[in-house]
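Quick mapping for you: the protein sequence lines, in order, are chains A and B. Sequential numbering of the first sequence, starting at 1, is according to this note's numbering. Sequential numbering of the second sequence, starting at 1001, is according to this note's numbering.
What the hints contain is simulated information worked out from the structure, not anything from laboratory work. On a predicted model such as this, the values are computed, not experimentally measured, just so you know. Some hints here could point you the wrong way.
[As the list claims (entries may be wrong)] Listed next, with one range per pair, are the computed distances between beta-carbon atoms: (1) Ser115(A) / Lys1175(B): 19 to 27 Å; (2) Asn1083(B) / Ile86(A): 21 to 29 Å; (3) Gln20(A) / Asn1092(B): 22 to 30 Å; (4) Arg1030(B) / Lys22(A): 38 to 46 Å.
[As the list claims (entries may be wrong)] Each computed DSS-like pair below joins lysine-lysine, with the alpha-carbon atoms no more than 30 Å apart: (5) Lys1046(B) / Lys26(A); (6) Lys1046(B) / Lys1059(B); (7) Lys1072(B) / Lys10(A); (8) Lys24(A) / Lys1008(B); (9) Lys10(A) / Lys1091(B).
Every residue gets a Cβ at the ideal spot worked out from N, C-alpha and C, and that includes glycine.
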Amino acid sequence: MSNHKINIAKNVMSKIKTEQIKMKPKWYFWLGSLSIFVAFVGLTIVSIFLTSLITFFLKSHGPMGAVRYQQIISSFPWWVLVVIIIGLISGIFLLKKYDFSYKKNFLFIILVFISAVLLAGILIDMLGFDSLWMKRGPMRRFYQQYNKNMQLLDNGLRNNGRGRKSFQ
Amino acid sequence: MNDTKELKDEQIVEIVRTSDKELYREIITRYQDKLLRYALYLIRDKEKAADAVQESFIKAFINLNAFNLKMKFSSWIYRIVHNQAINIINKNKKELPLLDNVDFDSGKNTEFDLSKKEIKERVDKCINQIPMMYSEPLSLYYLEEKSYEEISDILRLPVSTVGTRINRAKSIMKKICQTIK
């Protein structure tokens, strides 16, 4: 083992002296942590928004649930969901690759994240923020498009009903 | 030089980071034997174990600014060696031989109670026969003298799992060692 002792110390120190290996600067790790944090916050906001959106859809249901459910499926922004899944996977990958020093319970992090998102979504729904967003928030257009579609659907159903009556 | 011997690992790391890179040699001196022994348990090939430890010291130096000074340096460096060893094992799964008679000197003269000493001797003899998921925490506990908490940090397992695996390893060892004797 003593041979290894001499070689390892000698090899590593000579690489350090000749600057073949350099210490990564502190800002590199700060930047890494910051970008992961920002990505995580962004992901949380989008997920909370989606949860509140789903509850908004469910709440605004009336009769003809199956048809309205189809409407939700077709107008739902699925790409956002894909972005979330990709974001989660790459976030975990980055954390594992970059921060190899400390243990993290990823299952626990994911469970806490999902619970927090669900809770926040329900709270937003209970406090009526979704109605507010429908009027002025960043997803106003989407909410309004959904409402417009629903109105068109209602009108169509009503017309069909009338048509059937007159046919009879 | 004597002053540096009295410094804690974390203090040395801070000096290496800020002013004196040469002091990294002290870190290498403190850990290379322990890490070589640990890597050898995992990889079971002297040359590859030495490569893994050297590569780990290089990685540790490059990422030294990522080390949190509030944590234990020893757990951090053991974790890096663990990762490095696992990579090598995965690369050479079929190639690695089993070691028969390798002397794993702990390098310490600490007195253990009899049962622990006995277990330590058994671990020395039988560790290579035990599956790695059990032998690794066992070697860290009995041969590297790490606490459950430290093993939990190194292997990224809950402390309770570390305890369970060590207990299971002991009972596996009992059976295997009896047949070896």
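Violated hints - listed by number, lowest first: 1, 4, 5
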